[in-house]
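Student: Chains as they are written, first to last, in the numbering used here: chain F, 1236 to 1349; chain A, 23 to 134.
Hints may contain errors.
[Claimed, not checked] Example chain A residues on the side facing chain F (calculated, C-beta under 8 Å, incomplete):
id : residue
1  : Ser36
2  : Gln64
3  : Leu68
4  : Lys71
5  : Ala75
6  : Ala76
7  : Asp120
8  : Phe124
[Claimed, not checked] Pairwise CB distance ranges (calculated):
id : chain 1 : residue 1 : chain 2 : residue 2 : range
9  : F       : Ser1301   : A       : Ser92     : 21 to 27 Å
10 : A       : Ala39     : F       : Gly1251   : 26 to 32 Å
11 : F       : Ser1331   : A       : Lys80     : 44 to 50 Å
12 : A       : Val51     : F       : Asn1287   : 23 to 29 Å
13 : F       : Val1288   : A       : Ser92     : 35 to 41 Å
14 : F       : Gln1252   : A       : Ala23     : 34 to 40 Å
Honestly, the hints are just simulated from the structure, not real lab data. Don't be surprised by glycine CBs; every beta carbon is placed ideally from N, CA and C.
Listed here are the chains, written in short residue letters.
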Amino acid sequence: DAGVIQSPRHEVTEMGQEVTLRCKPISGHNSLFWYRQTMMRGLELLIYFNNNVPIDDSGMPEDRFSAKMPNASFSTLKIQPSEPRDSAVYFCASSSTGGAYEQYFGPGTRLTVT
Amino acid sequence: AQSVTQLGSHVSVSEGALVLLRCNYSSSVPPYLFWYVQYPNQGLQLLLKYTSAATLVKGINGFEAEFKKSETSFHLTKPSAHMSDAAEYFCAVSGNTDKLIFGTGTRLQVFP
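For reference, chain F alone in the conformation it holds in the complex:
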């Protein structure tokens, strides 16, 4: 299996622009997670889906952030409009359903907003 695939790996954009991050989970995994990692705040869970349905979006910072999972093999995280404080590494992870199952992380997207 190719593992969790994220694109792009790096994104540099100007403040105010729309940014879309993409994720392809491991085939057969029912749960998908979006995280953000910064030096200041560490690793934060933004949102997670189970069977394509958002279960917990309490970590989404504000209305500028939105996430979708139109099917079992694809998810997007969108930031509109982007701000410099959104600069971070964004990780996607997937797992089978249930607390005993480990999450498999993608390589991350490094976002820089200037």
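Fit chain A to the given chain F structure using the hints.
Tutor: Below, chain A alone, put in the same frame as chain F:
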């Protein structure tokens, strides 16, 4: 509710020395516990997990961890550190849901 506390944001050891990274958890249900490692510019990778079977869990790269319910701990150890072990290590807990609650991480430095 669940939480994880990792004692020590930075740990430094000499190559060949014992590695001990501390993790204490709090959980209202029987916990599942995980250790992940993150190398620079990479995603997190599972080292090992505890899922209520054997309390001493062996993972990859010579690491192991022991679940101690009485101490609510799940410390990570390795008998002899290698330079390649330098990375950030995260302890995490889950329970009845898919969510993992991560600790704040411990950065391990290994000196020659």
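Student: Decide, hint by hint, whether the structure agrees.
Tutor: Status of the hints after comparison with the structure:
1. Ser36: Violated - the Cβ of Ser36/A stays beyond 8 Å from chain F, reaching only about 27 Å at its closest.
2. Gln64: 6 Å, holds
3. Leu68: The hint holds - Leu68/A has a Cβ within 8 Å of chain F, the shortest such distance being about 5 Å.
4. Lys71: Given a least distance of 6 Å, the restraint on Lys71/A holds.
5. Ala75: Violated: closest Cβ of chain F sits about 10 Å from Ala75/A, beyond 8 Å.
6. Ala76: At 14 Å from the nearest chain F Cβ, Ala76/A fails the 8 Å test, so the hint is violated.
7. Asp120: Since the shortest Cβ distance to chain F is 4 Å, the answer is holds.
8. Phe124: Holds. Min distance 5 Å.
9. Ser1301/F x Ser92/A: 21 to 27 Å: 45 Å, violated
10. Ala39/A x Gly1251/F: 26 to 32 Å: 50 Å, violated
11. Ser1331/F x Lys80/A: 44 to 50 Å: With a Cβ separation near 22 Å, Ser1331/F and Lys80/A fall outside 44 to 50 Å, so the hint is violated.
12. Val51/A x Asn1287/F: 23 to 29 Å: Holds - the Cβ-Cβ distance for Val51/A and Asn1287/F, about 26 Å, lies within 23 to 29 Å.
13. Val1288/F x Ser92/A: 35 to 41 Å: 39 Å, holds
14. Gln1252/F x Ala23/A: 34 to 40 Å: 38 Å, holds
Consistency with the previously given hints fails for numbers 1, 5, 6, 9, 10 and 11, ordered from lowest to highest.
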